[in-house]
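> Take a look at the letters that make up each chain.
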Amino acid sequence: MSTRAFGARIERNVDPKLLRGEGAFVDDIPLTDALHVAFLRSPHARARIVKADVAAAKRHPGVVAIYTCDDIGALDLPMPLLIPHGCMTNPQTQRPLARDDVYYVGQTIAMVVAVDRYTAEDAAALIEIDYAPLPTEMDIEAALQDDAPRLHAGVPNNLAAHFVQTCGAPDDAFARADHVTTMTVQVDRSTAAPMECRAVAARFDAVSGELTVWDGTQAPISVRGGLASILQLDEDKVRVIAPDVGGGFGQKVLLFYPDELLVPMAAMKLGRPVKYIEDRRENFIGSSQERTQIHTIALAAMNSGEVIGLRDVFLHDTGAFIPYGIAVAQVASTSIAGPYRIPNIYVEFKAVYTPTVQVTPYRGCGRPQACFAIERAMDQLAEDLGLDRFEIRRRNLIAEHEFPYERPGLLFADGLKVTLDSGQYIKALAMAAAKSGVADFAAEQIRARAEGRYLGLGLACYVEGTGLGPYEGGRVKIHPITGKVYVNTGLSTQGQGHDTVFAQIVADQLGVRPEDVIVTEGDTKAFEWGVATFASRAAVVSGNAIHKTAIIVRDKTLQAAANMLDVDVAEVDLRDGAAWVKGSNRFVSLAAIATASNPLRYAFNEAAQAATQFAPASKHDGPSLAEGQAPGLEATDYFSPSQSTWAYGVHAAIVEVDPGLCTVKIRKYVCIHDCGNMINPMMVEGQVLGGIAQGIGGALYEHLDYQPDGNLANASLQDFLMPYATEIPNITILHLETPSPLNPLGVKGVGEAGCIAVGAVIASGVEDALRPFGALKFRHVPLSPSMISHALEQAGH
Amino acid sequence: MRSDDALVDVALTVNGEDVSRRVSVRMLLSDFLRHELGLTGTHVGCEHGVCGCCTVLIDGSAARSCLTLAVQANGYDIRTIESVAAPDGTLHPVQQAFKECHGLQCGYCTPGMVMNIVARFEEATPLDLTDDGIRELLSGNLCRCTGYINIIAAVRRAAELLGRT
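The listed protein sequences correspond, in order, to chains X and Y. Using the working numbering, the first residue of the first sequence is number 1, and each one after it goes up by one. Using the working numbering, the first residue of the second sequence is number 1, and each one after it goes up by one.
Only chain Y is shown next, with the shape it has when bound in the complex:
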């Protein structure tokens, strides 16, 4: 038994691998990543583009996968949290900084936070590492556990680890 949704073929790159699937025309990119590909590190917190939990990189830019249809990602390069650490599990400097600074508690918003920060760090333009500058960088991601202060510290620490001070 299945639904009567119209189907569409999509082909895209996810974490460096070519992927093609036939999916419902209305399937969200977040659901596609999580349930079709099993990449459950991308979380869904609101499904209306406010909380930032579902942030992934689309052609290098941070984007809400809950506001993107899978079919819209056709032909694009997608990166998720699963691609950030080294293949042996060694944490990326942004992840390492979160650990050192106690920048996460429940960890639900964390992948979206990390993807957003990684996207910004990959841009060549200078970082604004003032308190206000970091708050601005984080202003698209909600966290209910940490109160953000340790995440702000983690961004600064990540900049240090990456030589971006």
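The following block holds chain X by itself, in its conformation from the complex:
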């Protein structure tokens, strides 16, 4: 390779397989004689189970087994609290199958195992349950009141957690401020809605005692650890494979969903493979959701526009359970000051139980809510002080010379102090202004108004703490026959293209083509150390682990090649799949070096003959492998980040609002984005574009419509309005590349970036567009036509 693979727009290795329909998603894995699962789920948000009768269902032809909480033995316990934190009050997690009580519509009560899914669903419908419905409170503010019905008997006021963090001296800042802007903003609940719903299949081999689980999870290694512990199996006897996974966006990082425990259990009990393929309705009523938060934010500012203090008090809806701890609210609270200096911060949240699907991270994980709060407040502050919206931001953005910028007192989701590590925030803002055409926009806006068209410019800045620890690993091995390079890490991929970016990293170190680097992940038998894919961390944590490992293998390869070529190491260069003596045409292929690095007794090809013990080339004093030496060109290493690395960006848009139809059209969308050094700009753009599309969904369309009785009224893709191509405008992305000082590759995460700012941008633009109708305020997303209609009515239009 004469050109660097790192930084190149390389097409993805995984694509041909997926394009030909040869992907292997969980439901594509052929399992002979498999049984199929359907669940009976609660139709009530809160009820007592008075009686359950499964007799008729059991008699249904084709049914093999039915399990209720009484039939699952040691599994009949609340599932793990994954991330404990001291600020939670008596934290509640779900049981695999409800015992006595149900806490949300969709909670699993019984599991039917039958010869096919059709039959299993028929039988589930034959299970008779008598419920005694109990009162509920869906509103998070009302749920905190003393007279609100308790969702969990042992949790007063439905208060799941209460946490305060302080940075600097916020009270002093508010006391000396010239001006205080205060507002309340709200983001509604949404869902990840990956195109492939969740899926689990399991097979137990009674002879070997091995349990194999195919799970569309973002965390196969963690699932294995948990399964081994809960099912009391040796970890080595449990293999968890996340095969091709059709999108995750955080929903698939939670463990355990009930099926992830019950399907393996059933496979062990029944001695046949068992699979559960979640359907779309179940994904809506059974798999994690996120987003509802109500923030009351206040900015303390000087007349210059300098923001000297921030106070944010917010409510966070955690749903019926809190298995992922306070992660979402904590990320929101530590992202609340965005890219601004704001040295004095008070942030407090209360997490509230509601009788709804549990809340765990969905792409963005609290960041879109925090961004919406601070950015809406910055717009209002600009208006209050008579400053331009870009200008007030420019005056508060952290300047380049101020990095690393610490927020003492704020602990991020990794438990470490928030420290923004690097960036060119002010430059990014200027680029957004230039690219969105701010200079000419005012005139365009006036012209349009004369034609009865209402254009508005919206903008928002965001930061994204990425690349959380604790660690990931990498194994790199050069294959002795083919010279191809095999790479493993402990993550799983849901479409991000890990296989190609990790190949690019390795290709540069070993002088091979990225297509000759074969990355295998998502299989605990391939690599068993690591954590999971979440928090925009794959490139940062696994990427650097693989990079460090590739350097070790490079050094081994150079040393071995130097011996074979009989030159000094400094004289050897790796390129085109071989080691070359610099400035000559003498070379030895990587395959031959890998073969020779493994002392052999038996020859299987020409290269191997040179590695056998009587071959002249392998003559040496002492043992074939020196003490401490390992055979082959292989290494394993790990990367554990010292802290999160913070990406950032600025989005701006020009929107057109039709005050008659109350619709919003995005005329132009600009994204300035910086995730440090880019491994593959094409794939960075893919992540950002996908994130923006999800952000547009959240800004304008996607809202889970829980009814007062706790039923979800739009639990289908027909009624939950996910954007089609027709809703997504063309988008201009400009990159900055400010390296992270925190890791050898200088990279930052990008997975969640795109979605964070969009709600704030759209609301900002709609307010600007409708200014001729009065000072209408849009502080709630998704921003629906009825909200616009209501605001216009309030203003007398």
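Hints listed in this document are in silico derivations from the structure and should not be mistaken for laboratory results. As the structure is a computational prediction, the values presented were derived from the model and not from experiment. Do not take every clue at face value.
[Claimed, not checked] Here are the simulated DSSO-like cross-link-like pairs (lysine-lysine), alpha carbons at most 30 Å apart as the crow flies:
#1 X:Lys-51 - X:Lys-269
#2 X:Lys-435 - X:Lys-665
#3 Y:Lys-99 - X:Lys-668
#4 Y:Lys-99 - X:Lys-435
With the hints as your guide, set chain Y onto chain X.
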């Protein structure tokens, strides 16, 4: 052990081969293709005809296999994603364009997207390759990963590769 569903004989052509099976009267065409024939490239994203993941060609027209019963496909000619690339694996120009333009991420919606686009490209009528025209062509397929922009580019690139500009 089996279910007590009534059974029915079906005979159809799938990817150029004659196929006959005895199946449950309520079996979906998507399940028939995936689980009876092992053609798992056709994906199922919603089972209510909204997402387009399960799109196949029925007598040349794009159709939702999750809204079609296997028995309804009796006597018809079905084509799935497995028939699109050349027998040696060489990608069809539409597939090639998706690869070049990074038009897929997780790949779950992709087979349905490709089948929908292939069906349109096989029609002789002129293509509308404006931004709006391509969005209209894609308006029956949901994608949650890509944000569509690269898929729009892929359609345009496929038109170029097929000489349909």
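> To test your reading of the hints: which numbers does this structure violate?
Violated: none.
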